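**Student:** If you want this note's numbering, it's the 1-based position in the sequence shown plus 686.
Calculated directly from the structure, the hints in this document are not laboratory data.
There's no promise every hint is true.
Unchecked claim - For lysine to aspartate or glutamate, the following EDC-like pairs were computed, each having C-alpha atoms within a straight-line distance of at most 16 Å:
1) Lys710 x Glu896
2) Lys733 x Glu692
3) Lys1041 x Glu857
4) Lys758 x Glu739
5) Lys882 x Glu692
6) Lys1006 x Glu857
As the structure is a prediction and not an experimental result, all values here were calculated from the model.
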Amino acid sequence: MVKETEYYDILGIAPTATATEIKKAYRKKAMQTHPDKHPDDPDAQRKFQAVGEAYQVLSDPGLRSKYDQFGKDDAVPQAGFEDATEYFTMIFGGDGFKDWIGEFSLFKELSKATEGMDDEGNPLNPTGSSNDPNQNDMIQHNGSKQQTSVKGKLSREQREKLMEAEKARREDMLKQINELSIKLTDRVTSYLIAVKNGHLNEFDSKFNQEIEDLKLESFGMELLHLLSKVYKTKANDYLIAKKTLGFSKIFTGTRENAKTVKSAYNLLSTGLEAQKSMEEMQKVNPEDLDDAERVKFESMMAGKALGVMWAMSKFELERKLKEVCSKLLNDKSVSSKERKERAKALLYFADKFAKARRTPEEAEEARVFEELILGEQEKNQKRYSTRR
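Build the full structure now, drawing on both the sequences and the hints.
**Tutor:** See below:
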């Protein structure tokens, strides 16, 4: 028996709802009440904020317990409620996959790309102002003059910063690979212990529930199937290599190189196709479109942007996951027999991930949801640029 049901009513669920049901309900209600879908409703932001507050309480076990016992006045987050639009972007940004894939850079890369631009999309020079053909070639920086190009060429300082950023990126990637290999080893060990002790059904049930939660994340299905593909390939290659005394590595290595080239080509093709589409879109004046045509136009633009970002993130993520699997399967500190068991555990995970499916309704919700998140990300970056 709960003291009140207002938050449950806002999300359209019963007080007995599970954590996954609460998350699904929030996702659905957030889409229904999102201000972008109700531009003529002056009350839209308040409704959207109410949905966000309900979820912030009910998704937190401690706050939910207080709410059930004492009501909403005693169930306020210590730091207060977060802004609904920022929370909306954050909650499905891929963090659920963090223990599996590390940092998901899909939306982070969009922010990085736009940080170096002004509101009109022009590149900024080191001072943070937009490049102007009438600016002097020399700017004052830290008390000394430095040469900068007004034609888009990088200065020495900019090149050094890019090199430093690339070095930091490589170091971060190695750190992530090490951390992910430890986490994956722990998961594999838990699975093998469950098999050995006859507790596979219990492990299976928990794992199925985790997959249901992961399906709700941004690009959740794509990430699950990518994990499945990498785990299956790496595990099978390892097991085949053991049976053929390592000779198959010659062929699997060649095949992997071919796949890398193909992935790079597909990435380039995706980028070129998107660039061509964007150029065509720029010829369109949104003001000349009616409401229905404008919605379709904006949806198409968002879809193209998401496609390019996903292709870029997928290419780098796949390489990272392969390195994680290699560390797990080539760990000389454990016996060859145990490494074979690890490979079989990866095949179990791969099979589970591959079987994940969305209903048609869930698939459509995911498409709309990801486009809304992209829109929020772009608006947040504009607000950031304006404040600067």
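**Student:** Are any of the numbered hints broken by this structure? If so, which, sorted upward?
**Tutor:** Failing hints, ascending: 3, 5.
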